[in-house]
Amino acid sequence: MVKKTPFFARTGPLNETMLWEHWAGYLVAQKYQYSELYEYYSVRNSAGLFDSSPLFKYQIKGADAADFLRGVLARDIGQCPVGRAQYTIWCDDHGWILEDGVVLHVDDDEYWLTAAEPNLRYFQNLSHPYEVTISDISEEYGLLALQGPHSRNILKQLTPDAEKLAYFELSSTQIAQKNVVLSRTGYTGDLGYEIWVNKDDALAVWDALMEAGSGYNITPFGQKVLHMARIDAGLILIDVEYHTARHAWVDEQRSSPIELGFSWMFRGLQEDSRPFIGRRAIENELVSRSSRWHLVGIEVDWQRYENLYNGLGLIAPKDHTPIEEAMALYDGEHNWVGHTTSFMFSSVLKKHVGLAKVAPYHAKSGSPLQLELVVNNRPLTVAAKVVKMPFYNPARKTA
Amino acid sequence: MSQAQTKYDAIVIGGGHNGLVNGAYLAKSGLKTLILEKRHLVGGAAITEELYPGYHFTTFSYALSLIRPDIVQELELVKNGLLVLNMPTTLAPMENGDYLFLGSDHYANYHEIARHSKADAEAYDDYTTMLNKVCHAVKPLFDQIPPNLFSQEPDELARLADLGRHMRHLDPKTLHMLVRFLTGSAAEILDDYFESDIVKGLFSSSSIIGSKVGPRSQGSGLVLLFHKMGEVDGAFGEWGFHKGGNGGFTQVLARAAQSFGADIRLNAGVSSVISKNGEAIGVALENGDEVYADVIVSALDPRRTFLQLVDPRELPTDLVEDISKYKFQGVSAKVNFALDGLPEYPALPGRFDLYRGFINIGPSIDYIERAFDDAKYGSFSKRPYIDACIQSTLDPDMTPPGKHVLSCFVQYCPYELKDSDWDSERENLGDTVQNTLESFFPNFNDLVLHREVVTPLDIERTVGLSEGNIFAGEFLAPQMYFFRPAPGWNQYRTPIRGYYQCGSGTHPGGCVIGGPGKLAAQQIIGDMKQ
Ligand SMILES: Cc1cc2nc3c(=O)[nH]c(=O)nc-3n(C[C@H](O)[C@H](O)[C@H](O)COP(=O)(O)OP(=O)(O)OC[C@H]3O[C@@H](n4cnc5c(N)ncnc54)[C@H](O)[C@@H]3O)c2cc1C
Numbered sequence: 020m021v022k023k024t025p026f027f028a029r030t031g032p033l034n035e036t037m038l039w040e041h042w043a044g045y046l047v048a049q050k051y052q053y054s055e056l057y058e059y060y061s062v063r064n065s066a067g068l069f070d071s072s073p074l075f076k077y078q079i080k081g082a083d084a085a086d087f088l089r090g091v092l093a094r095d096i097g098q099c100p101v102g103r104a105q106y107t108i109w110c111d112d113h114g115w116i117l118e119d120g121v122v123l124h125v126d127d128d129e130y131w132l133t134a135a136e137p138n139l140r141y142f143q144n145l146s147h148p149y150e151v152t153i154s155d156i157s158e159e160y161g162l163l164a165l166q167g168p169h170s171r172n173i174l175k176q177l178t179p180d181a182e183k184l185a186y187f188e189l190s191s192t193q194i195a196q197k198n199v200v201l202s203r204t205g206y207t208g209d210l211g212y213e214i215w216v217n218k219d220d221a222l223a224v225w226d227a228l229m230e231a232g233s234g235y236n237i238t239p240f241g242q243k244v245l246h247m248a249r250i251d252a253g254l255i256l257i258d259v260e261y262h263t264a265r266h267a268w269v270d271e272q273r274s275s276p277i278e279l280g281f282s283w284m285f286r287g288l289q290e291d292s293r294p295f296i297g298r299r300a301i302e303n304e305l306v307s308r309s310s311r312w313h314l315v316g317i318e319v320d321w322q323r324y325e326n327l328y329n330g331l332g333l334i335a336p337k338d339h340t341p342i343e344e345a346m347a348l349y350d351g352e353h354n355w356v357g358h359t360t361s362f363m364f365s366s367v368l369k370k371h372v373g374l375a376k377v378a379p380y381h382a383k384s385g386s387p388l389q390l391e392l393v394v395n396n397r398p399l400t401v402a403a404k405v406v407k408m409p410f411y412n413p414a415r416k417t418a
Numbered sequence: 087m088s089q090a091q092t093k094y095d096a097i098v099i100g101g102g103h104n105g106l107v108n109g110a111y112l113a114k115s116g117l118k119t120l121i122l123e124k125r126h127l128v129g130g131a132a133i134t135e136e137l138y139p140g141y142h143f144t145t146f147s148y149a150l151s152l153i154r155p156d157i158v159q160e161l162e163l164v165k166n167g168l169l170v171l172n173m174p175t176t177l178a179p180m181e182n183g184d185y186l187f188l189g190s191d192h193y194a195n196y197h198e199i200a201r202h203s204k205a206d207a208e209a210y211d212d213y214t215t216m217l218n219k220v221c222h223a224v225k226p227l228f229d230q231i232p233p234n235l236f237s238q239e240p241d242e243l244a245r246l247a248d249l250g251r252h253m254r255h256l257d258p259k260t261l262h263m264l265v266r267f268l269t270g271s272a273a274e275i276l277d278d279y280f281e282s283d284i285v286k287g288l289f290s291s292s293s294i295i296g297s298k299v300g301p302r303s304q305g306s307g308l309v310l311l312f313h314k315m316g317e318v319d320g321a322f323g324e325w326g327f328h329k330g331g332n333g334g335f336t337q338v339l340a341r342a343a344q345s346f347g348a349d350i351r352l353n354a355g356v357s358s359v360i361s362k363n364g365e366a367i368g369v370a371l372e373n374g375d376e377v378y379a380d381v382i383v384s385a386l387d388p389r390r391t392f393l394q395l396v397d398p399r400e401l402p403t404d405l406v407e408d409i410s411k412y413k414f415q416g417v418s419a420k421v422n423f424a425l426d427g428l429p430e431y432p433a434l435p436g437r438f439d440l441y442r443g444f445i446n447i448g449p450s451i452d453y454i455e456r457a458f459d460d461a462k463y464g465s466f467s468k469r470p471y472i473d474a475c476i477q478s479t480l481d482p483d484m485t486p487p488g489k490h491v492l493s494c495f496v497q498y499c500p501y502e503l504k505d506s507d508w509d510s511e512r513e514n515l516g517d518t519v520q521n522t523l524e525s526f527f528p529n530f531n532d533l534v535l536h537r538e539v540v541t542p543l544d545i546e547r548t549v550g551l552s553e554g555n556i557f558a559g560e561f562l563a564p565q566m567y568f569f570r571p572a573p574g575w576n577q578y579r580t581p582i583r584g585y586y587q588c589g590s591g592t593h594p595g596g597c598v599i600g601g602p603g604k605l606a607a608q609q610i611i612g613d614m615k616q
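Residue numbers (my numbering), protein chains in the order written: chain P, 20 to 418; chain B, 87 to 616.
Worth flagging that the hints you see were computed from the coordinates, not collected in a lab. The C-beta atom is built at its ideal place from N, Cα and C for all residues, glycine as well. Among the hints, erroneous ones may be present.
What the hints assert, rightly or not - Below 27 Å or equal to it, Euclidean Cα-Cα: the simulated BS3-like pairs (lysine-lysine) are: (1) B:114 - P:370; (2) B:165 - P:404; (3) B:93 - B:114; (4) P:404 - B:114; (5) B:225 - P:369; (6) B:219 - P:369; (7) B:114 - P:369.
Claimed, not checked - Only part of the chain B face toward chain P is listed, based on derived beta-carbon distances under 10 Å: (8) 163; (9) 170; (10) 173; (11) 221; (12) 226; (13) 318; (14) 321; (15) 442; (16) 479; (17) 486; (18) 489.
All chains should be modelled from the sequences, with the hints used to inform the complete structure.
This is the structure in structure tokens:
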């Protein structure tokens, strides 16, 4: 039987479309309203509220918690003091990525970690030499994301901490007299917060947010808009941009962090002697430049795109629905050089954009590419180029 | 050299959206460009003003659709802040208390229309497909400099031949429908597809906007088609609401123009264009300054461009006569409200998600025609057509939290009143609009915190649009394409060398569209290369 999140008593009646999806065994709204664009523009111009409770949540606690995580996670959690959060990844011995997630340093010897897939066994197997306990707290907490330019105006009515938090900072505070952990994080590339709340207090917090947000057009949003927003923001998604190496059969299915664009996580690696899983392989890849491809942003040439369809007597479609499967990319000589992982017409950017894996030779910003589209059942190509990500990056996100 | 004497390559007179677009393209092409705006802010008819503390009104123009998509790309408007908020709903209240409420789901709309007429629900897709095909056929003409019908130049003859070929390639039904739109009435076309009053009332509303026609007048077809030429994300006929209103949009244009190097000078009304030996060389400002440039572009309407900024005696008499007879006859007004909360529609109690798009007060063709009847005889409509929208439902930054602004576009309000004048009738019009709203939304009056009435005379006085015509001249077939604004002068040039026109009185025409500004720049840059 499908599970329901602690917010379901509210999200259930709000979903006027009755379109639901299953996410990690939970029922979640694909969208709440007929117009997903209304939800999307609420995230970009007002405030959107998203139920991310189905994420797996782990508590890593004990005197050795930091030590343990410094060896397990590829990015140095030692750089993340109490009161801060860090986006991170973990890899296998060969430097292949297992997963990405966000760690919250909530207390001296205590971290909380979110992940898209179950990881309890994986972390526990590695934890024996350490004084650390890893607990699955997935079901104890509801998790909300309040995202958008007015998210701060809404939250500041409920807790003074909202205005204090800088990008990726967190605090333990109260909303509607309920204890919450509030972090300035999110998956939309906008100003936003995430709120951890004990499941029994979930509805009280939801109600307080909706009430405080009513003057700011607060709008619950579903999976579809989350995916649109994360593409705008150039944020990767497991099983779309990469697959976990844990269940892979061949290396083609595996990705290294460098290939996914995370070299920035290893900038100070020479000065940091910390052993961590995958370190040797990552160092090798950085030195030998052996990456097979790079994750890049691409943007379609709008004029050629229009002409392509007009030439066939059609109106050029501009569909904001993400296509999260491969579309082929070629160079000028029609040699295959990679593929998209995610692709859509971004309604805020008025452009077709995509995340793509291309051969390193073609990964430089500005590199010309040809994108394969299927038009009238025929494969045709249109000019595109490599561009910097994030595609959408408002100053308020970090301000 | 003092600023007043600086020499520019190009001067654009008028910082309305077309002047800004024109100036941006000229600057982008490398010309040192100055845009001169009479008022303290750019935007012309597309401005947003805080007319009541905390409440931002779209004083005149309020929604966005026609803006040419190529301009959005070429002028990098997204980078400069473009944000077109999607308007997901349309509410059409009815006089019997029922309603037609359309949203973004195709089949939900089918069922909602079927509630009024199954036949209409079935016809809706056919109508939309037909309309899309006609729009698609017109689009290339919309976005190119029109050929000069009266020229013997080989280039122009070739372009006419291209136009003929384009038409011949259309399928016969599309071509036939195109001709019906260009020459006929909206009502005749709608009657072919629909039977219910509310559906026809709603769909006919775009056939009268800004124009002294009723849905049953010949010529209303063209007005309807024009309004369907707009698009949002590739979907013809869709409208959006720009962040901060259409004034937010013109601020984006101003930033874009400046990013390409154009200078914008405010409070700089131009009194005349200076010419020497039939060639424009500069402008004289109202404050006495003179500024010189090789190219002078008027972004004002044709009356001001030809009869005020230059001495008509320098122009061919045919042109002067054509412009003198060019029809303005504005019929539109705005009434803007600050509201304490959202109105409630009795048939849908407790539903506040009804107002995220247009609220169309025009429940039947008869209703709209009756409103038009009043105007024919020189008075404003006793029960007006109203295109309303509560923009704060999409953009909370327009008002204090929880409060709202309601924009009402009102017809018909003829510029020339028979037995009165607009300074006397201003608040009577406001009352009429408010009472009409109260008749559909009981207790509407209780919500009103503040009201701004903008008559056609106010439009003329403030923006400069002659007779308050919102498009700088009627969308009548003899004033379009080959003939906008006058036969032989549809290519943005004027008889004075170096003097050009780029306002809404040129092809493709009015609305927040940018086409005139862009195409004029194309012509100017082309001419300079010769
Ligand atoms: C009430 C109203 C509602 C409308 N609603 C919509 C709508 O919702 N959507 C839509 O698409 N269109 C709408 N329109 C139409 C649209 O706004 C206009 O067609 C368009 O804005 C005209 O732009 P423009 O640049 O050609 O001219 P204008 O906007 O008229 O710009 C001319 C500029 O020139 C300046 N000027 C005048 N004289 C001088 C001088 N001597 N020297 C220097 N500067 C001068 C003026 O101050 C003004 O800024 C509406 C218009 C009105 C009036």
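So, going through the hints one by one against the coordinates:
For the given pair, residue 114 of chain B sits about 21 Å from residue 370 of chain P by alpha-carbon distance, which is consistent with the 27 Å threshold. Annotation: proposed proximity of residue 165 of chain B to residue 404 of chain P holds, straight-line Cα distance about 18 Å (limit 27 Å). For the hint pairing residue 93 of chain B with residue 114 of chain B, the CA-to-CA distance comes to about 18 Å; that is within 27 Å, so the pair holds. With a CA separation close to 22 Å, the supplied pair residue 404 of chain P and residue 114 of chain B stays within the 27 Å bound.
A hinted pair counts as satisfied when its Cα atoms are at most 27 Å apart, and residue 225 of chain B with residue 369 of chain P qualifies at roughly 19 Å. The straight-line distance between the Cα atoms of residue 219 of chain B and residue 369 of chain P is roughly 23 Å, inside the 27 Å bound, and the hint therefore holds. Proximity of residue 114 of chain B to residue 369 of chain P is assessed by CA-CA distance (about 21 Å); at most 27 Å being required, the pair is judged to hold. Contact between residue 163 of chain B and chain P, as hinted, is supported at the beta carbon level, the nearest pair being about 8 Å apart and thus within 10 Å.
Below 10 Å, beta-carbon pairs count as interface contacts, and residue 170 of chain B has one with chain P at about 8 Å; its hint therefore holds. With its C-beta approaching chain P no nearer than about 9 Å, residue 173 of chain B sits inside the 10 Å limit, and its interface hint holds. Below 10 Å, beta-carbon pairs count as interface contacts, and residue 221 of chain B has one with chain P at about 9 Å; its hint therefore holds. Hint on residue 226 of chain B holds. Least Cβ distance to chain P is approximately 8 Å, under the 10 Å limit.
Taking 10 Å as the C-beta contact cut-off toward chain P, the hint placing residue 318 of chain B at the interface holds, the least distance being around 8 Å. For residue 321 of chain B, the shortest C-beta to C-beta distance to chain P is roughly 8 Å, which falls under 10 Å, so the interface hint holds. For residue 442 of chain B, the shortest C-beta to C-beta distance to chain P is roughly 6 Å, which falls under 10 Å, so the interface hint holds. A hinted interface residue such as residue 479 of chain B counts as satisfied when its beta carbon comes closer than 10 Å to some beta carbon of chain P; here the least separation is about 7 Å, so the hint holds.
Against a cut-off of 10 Å between C-beta atoms, the interface hint on residue 486 of chain B holds, since the closest Cβ of chain P lies about 8 Å away. Nearest Cβ of chain P to the Cβ of residue 489 of chain B: about 8 Å, under the 10 Å cut. The hint holds.
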